[in-house]
Amino acid sequence: MIFFILGLPLAGGALAFMLPINRSRSILLFCVSLIHLLSVGSFWINRPSSVLSGFLDLDSFGIIVLSIFSLLFFAVSLYLPSYIQNEKGRSNRVFAGYLLLLLFSMTLVSLSQHPGLFWVAVESTTLLTAPLINFHRRALALEATWKYLVICSVGIALALLGTFFLAISAIQLKSLLFNEIVHQASLLSIPWLKLSAIFLAVGYGTKMGLVPMHSWKPDAYGEAPGPVGALLSGGLTNCAFLAFLRLIQICNSADQTEFLRPVLLIFGMASIALAAFSMLGQADFNRLLAYSSIEHMGILILGLGLGGAGFYGSLFHAINHAFSKGLIFLVSGNIYQKYRSKRVDNIQGVLRSSPFTGGFLIAAMFAVTGIPPFGTFFSELMILSAALKAHDYGLAFFYLFFLSIVFIAIANTILKMARGLPPDTWNEHSKNESWGSLLPLLLLGGIVFLLGCYVPSFLDRMLLKSSGILGG
Amino acid sequence: MNPVWLDRMLAVIVVSAICLLGISRIGSIIKLFAIQSLVLSIIPFLMNGPLGVHRIALALVTFFLKVIIIPMILFWAVRHVAIRRDSPGLFGISISLLLGGFLVGLSFFLSSCLVLSEKPFSDLLIPSAFSTLFIGLLLLISRTKAITQVVGYLVMENGIFLFALLLFDVTPLLVELGIFLDIFVGVFIMGIVINHIQNEFDHTDTSQFTALKG
Numbered sequence: 001m002i003f004f005i006l007g008l009p010l011a012g013g014a015l016a017f018m019l020p021i022n023r024s025r026s027i028l029l030f031c032v033s034l035i036h037l038l039s040v041g042s043f044w045i046n047r048p049s050s051v052l053s054g055f056l057d058l059d060s061f062g063i064i065v066l067s068i069f070s071l072l073f074f075a076v077s078l079y080l081p082s083y084i085q086n087e088k089g090r091s092n093r094v095f096a097g098y099l100l101l102l103l104f105s106m107t108l109v110s111l112s113q114h115p116g117l118f119w120v121a122v123e124s125t126t127l128l129t130a131p132l133i134n135f136h137r138r139a140l141a142l143e144a145t146w147k148y149l150v151i152c153s154v155g156i157a158l159a160l161l162g163t164f165f166l167a168i169s170a171i172q173l174k175s176l177l178f179n180e181i182v183h184q185a186s187l188l189s190i191p192w193l194k195l196s197a198i199f200l201a202v203g204y205g206t207k208m209g210l211v212p213m214h215s216w217k218p219d220a221y222g223e224a225p226g227p228v229g230a231l232l233s234g235g236l237t238n239c240a241f242l243a244f245l246r247l248i249q250i251c252n253s254a255d256q257t258e259f260l261r262p263v264l265l266i267f268g269m270a271s272i273a274l275a276a277f278s279m280l281g282q283a284d285f286n287r288l289l290a291y292s293s294i295e296h297m298g299i300l301i302l303g304l305g306l307g308g309a310g311f312y313g314s315l316f317h318a319i320n321h322a323f324s325k326g327l328i329f330l331v332s333g334n335i336y337q338k339y340r341s342k343r344v345d346n347i348q349g350v351l352r353s354s355p356f357t358g359g360f361l362i363a364a365m366f367a368v369t370g371i372p373p374f375g376t377f378f379s380e381l382m383i384l385s386a387a388l389k390a391h392d393y394g395l396a397f398f399y400l401f402f403l404s405i406v407f408i409a410i411a412n413t414i415l416k417m418a419r420g421l422p423p424d425t426w427n428e429h430s431k432n433e434s435w436g437s438l439l440p441l442l443l444l445g446g447i448v449f450l451l452g453c454y455v456p457s458f459l460d461r462m463l464l465k466s467s468g469i470l471g472g
Numbered sequence: 001m002n003p004v005w006l007d008r009m010l011a012v013i014v015v016s017a018i019c020l021l022g023i024s025r026i027g028s029i030i031k032l033f034a035i036q037s038l039v040l041s042i043i044p045f046l047m048n049g050p051l052g053v054h055r056i057a058l059a060l061v062t063f064f065l066k067v068i069i070i071p072m073i074l075f076w077a078v079r080h081v082a083i084r085r086d087s088p089g090l091f092g093i094s095i096s097l098l099l100g101g102f103l104v105g106l107s108f109f110l111s112s113c114l115v116l117s118e119k120p121f122s123d124l125l126i127p128s129a130f131s132t133l134f135i136g137l138l139l140l141i142s143r144t145k146a147i148t149q150v151v152g153y154l155v156m157e158n159g160i161f162l163f164a165l166l167l168f169d170v171t172p173l174l175v176e177l178g179i180f181l182d183i184f185v186g187v188f189i190m191g192i193v194i195n196h197i198q199n200e201f202d203h204t205d206t207s208q209f210t211a212l213k214g
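Chains as they are written, first to last, in the numbering used here: chain A, 1 to 472; chain B, 1 to 214.
No lab work stands behind these hints: they were computed from the structure. Predicted, not measured: the structure shown is a model, and the values here were computed from it. No residue lacks a Cβ here, since even glycine has one placed at the ideal position from N, Cα and C. Some hints here could point you the wrong way.
To be verified - If you want the footprint, here are the derived chain A segments under chain B, 3+ residues with CB under 8 Å:
1. 109-122
2. 152-164
3. 291-297
Said to hold, decoys possible - From the structure, some residues in chain B lie toward chain A, with a derived Cβ separation under 10 Å:
4. Asp7
5. Cys113
6. Ile141
7. Tyr153
8. Ile160
9. Leu167
10. Pro172
11. Ile183
12. Ile189
13. Thr210
Claimed, not checked - Covered, in the sense of this in silico footprint (three residues per stretch, anywhere, with C-beta under 8 Å from a C-beta of chain A), are these stretches of chain B:
14. 48-54
15. 59-66
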């Protein structure tokens, strides 16, 4: 089964570069993502056995990350045909091909049990998204792509170095597979492990967009088309999150939790704080979303640093964040195609010009800022309660303070965009709302809404089991 | 095989990295990078132990990728963008060289703090790996032209490669090849992006990339 789920998107990607017309590529993209989603669903019932002598295996962290990405990818593949149709004269060859290859490498990320293989997979996700960010081929998009490539490659190179240090630390072990390292953690050399933890945190933190390694993120998200932004912020950040989960697991088993904790808390809090202030008065809608993504990454890392109930909250927040950010980026794709601008000043009266998109915009605003009944509210609350339980009152206070600044900034911007009359320059002939561009929004919004009302027992069990592995 | 020769080769790698800091002609920068990689590809032959398939494969892949293919891609990019010189950038040549020397000292200090459970086959290996890595990073952040930044990234990768030699017996070949592939694809994509940048802006000076802010 593991070979099937890896081979399917790889073959699909190769085929997408060969197929001649847009329509056939859209159908291919849809079919592959549907089959991928169904197979991932079947893994929840029947876990596939490991292959290649344990190099590829699906553990409980892996299945959470894989399911998030598969579902998000399905929504994007539903959304894409109507998006491409509105980009006049553009072929979807690049889109379909690279997206399917990206699905392959994301699947590989969640399956890899060897730090080296994991690194290869993460780096390939960076390389495969670069052409997608450059989709609009503007000068600004090019500048963003360059920054994204260079900063992420350097960050990832540091993560590679961290991986080597981990291997040096584990030189007395027979193999480097993650569960081997965790089981024989007493044999690890501690100075090298500490060095490795720092390099891995900085390297994968760059990929995740934590402050102060975040500078590529607003540019890349700002210039990427809506559906690509959805995958970048909802999906790709999770592969770095997975790296942090594994790092914590290793440090826990080697009794180095206290070494890693302050690093995580500082990264987390700095990201939330800087993102909150950068959002105030942000003039570009997509950049606003990018800073919101930095803020949420900060929340995830903060939850991991707090430990205890924070682990559960953090894992749950990763799910909620992926779908709510996916939702709002797809909404931003709709708005961009309607107004041909991302400047907040140029966008007014979304509720009038396209009522459904406007409705989803308001819903997404609540989902992203963590207002009940959306799932994000509950996961952010869990992280707050973890801070209070650990008697970190100062941390809890600043956490709430920055989250309220974020709420003010986002609500202010989005309400300005949603209300009022559309500007005179607004093009009457531009895109009208279609089923293809609304159904994926309904799917993603529905999931975040449902997770706020009810957490299915199989998911709850998996989250409990995963946070148990982390020591929560 | 021969520890004296191994140490000499490591010294050549570090010295060539320092020289990169002092050069501003882009053609020479690429050539010097190719020479550094050539020396790097000899090192697997100089290490202790039997000469297995694994080791020969590693040396050959390094040779083809970093001495032939990547410099070719870079020269192709240079021809397309029609630039010949890179300005010394952030620090100027003399300060850059001084910083390079400082980084080499720092590397020796760092590696004296870290003890290995097994003694590596050369005492110079870890310090020279750190030095190459740091100098690559310095090149990357101090230069303004896109191509020099790519070379800086590659020099960093060369430093990481030296670290990888410490782990020769535990890192499976397949993973190493995957890492090489990623570097290759990365440089290939960067080459294409450089070309696009030239068409769009008529220069490849990334210090003028200041439109995206805030």
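Problem - Violations among the numbered hints, reported as their numbers in ascending order - result: 3, 4, 14, 15
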